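*Asks:* Sequence:
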Amino acid sequence: MCGRYVSVSSPTLLAERLHVDEVRADDADPNYNVTPRTEVPIVAETIVKDTQERKRVLDRVRWGLVPSWAKDLKMGDRLINARAEGIETKPAYRRAFEKRRCLVPAARFYAWRVLPGRTRHNPHFNWRARREHSARAGPPAGACRTCCDRTRAPA
Numbered sequence: 002m003c004g005r006y007v008s009v010s011s012p013t014l015l016a017e018r019l020h021v022d023e024v025r026a027d028d029a030d031p032n033y034n035v036t037p038r039t040e041v042p043i044v045a046e047t048i049v050k051d052t053q054e055r056k057r058v059l060d061r062v063r064w065g066l067v068p069s070w071a072k073d074l075k076m077g078d079r080l081i082n083a084r085a086e087g088i089e090t091k092p093a094y095r096r097a098f099e100k101r102r103c104l105v106p107a108a109r110f111y112a113w114r115v116l117p118g119r120t121r122h123n124p125h126f127n128w129r130a131r132r133e134h135s136a137r138a139g140p141p142a143g144a145c146r147t148c149c150d151r152t153r154a155p156a
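Each residue of the sequence shown is one higher than the one before, counting from 2 in this note's numbering.
Rather than coming from a laboratory, the hints here were simulated on the basis of the structure. The structure presented is a predicted model; accordingly, all values stated were derived computationally and were not measured. Ideal placement from N, C-alpha and C gives every residue a C-beta, glycine not left out. Careful, some of the hints might be misleading.
In silico DSS-like cross-links for lysine-lysine, where the CA-CA straight-line distance does not exceed 25 Å [to be verified]:
1) Lys56 / Lys100
2) Lys75 / Lys100
3) Lys100 / Lys50
4) Lys72 / Lys100
5) Lys91 / Lys72
6) Lys75 / Lys50
Across the chosen pairs, the derived CB separations fall in these ranges [what the hints assert, rightly or not]:
7) Arg96 / Arg38: 30 to 38 Å
8) Leu19 / Ile48: 15 to 23 Å
9) Tyr33 / Glu89: 29 to 37 Å
10) Arg119 / Thr47: 25 to 33 Å
11) Glu89 / Arg114: 23 to 31 Å
12) Lys91 / Asp28: 28 to 36 Å
13) Thr120 / Thr13: 39 to 47 Å
14) Pro92 / Thr13: 35 to 43 Å
15) Ala85 / Leu14: 25 to 33 Å
16) Gly118 / Ala29: 36 to 44 Å
17) Thr36 / Glu89: 23 to 31 Å
18) Leu19 / Tyr111: 17 to 25 Å
19) His20 / Lys100: 20 to 28 Å
Turn these sequences into a full structure, and let the hints steer you where they fit.
*Replies:* Below you can see the structure in the form of structure tokens.
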């Protein structure tokens, strides 16, 4: 499960690599420790109202899914990852998964592990040697423009 990640690619590079039609995200400084509540780049598909044409848009949203029924934005702090095994059935994720999906570009990510003989979690930095970045699937929410990433249970 990813609790932090690295976001260093420019909107121009992301648009090129992820075949984006429109860029709404502004340039931001590289972030080597993206935390919940941070404005992060995502790629989502949108439909043009006049022509019903689909296009891919690069935008920025708040990391941490806030369901439409939530009373407080703080709920998004706990909903930063959606397990693939339950995303279709969990009330917090179900509607966003059915209606709105996105890609969350990440250069690298951190996972927390408990080491033998220790009680606290320690960060473990994960990367892919040949890739500058990857994109994780995630459902963005509605009106307050938030997202989470989709993960799977550890093997």
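*Asks:* Check the structure against each numbered hint from earlier and tell me which ones fail, lowest number first.
*Replies:* Those not satisfied are hints 6, 7, 10.
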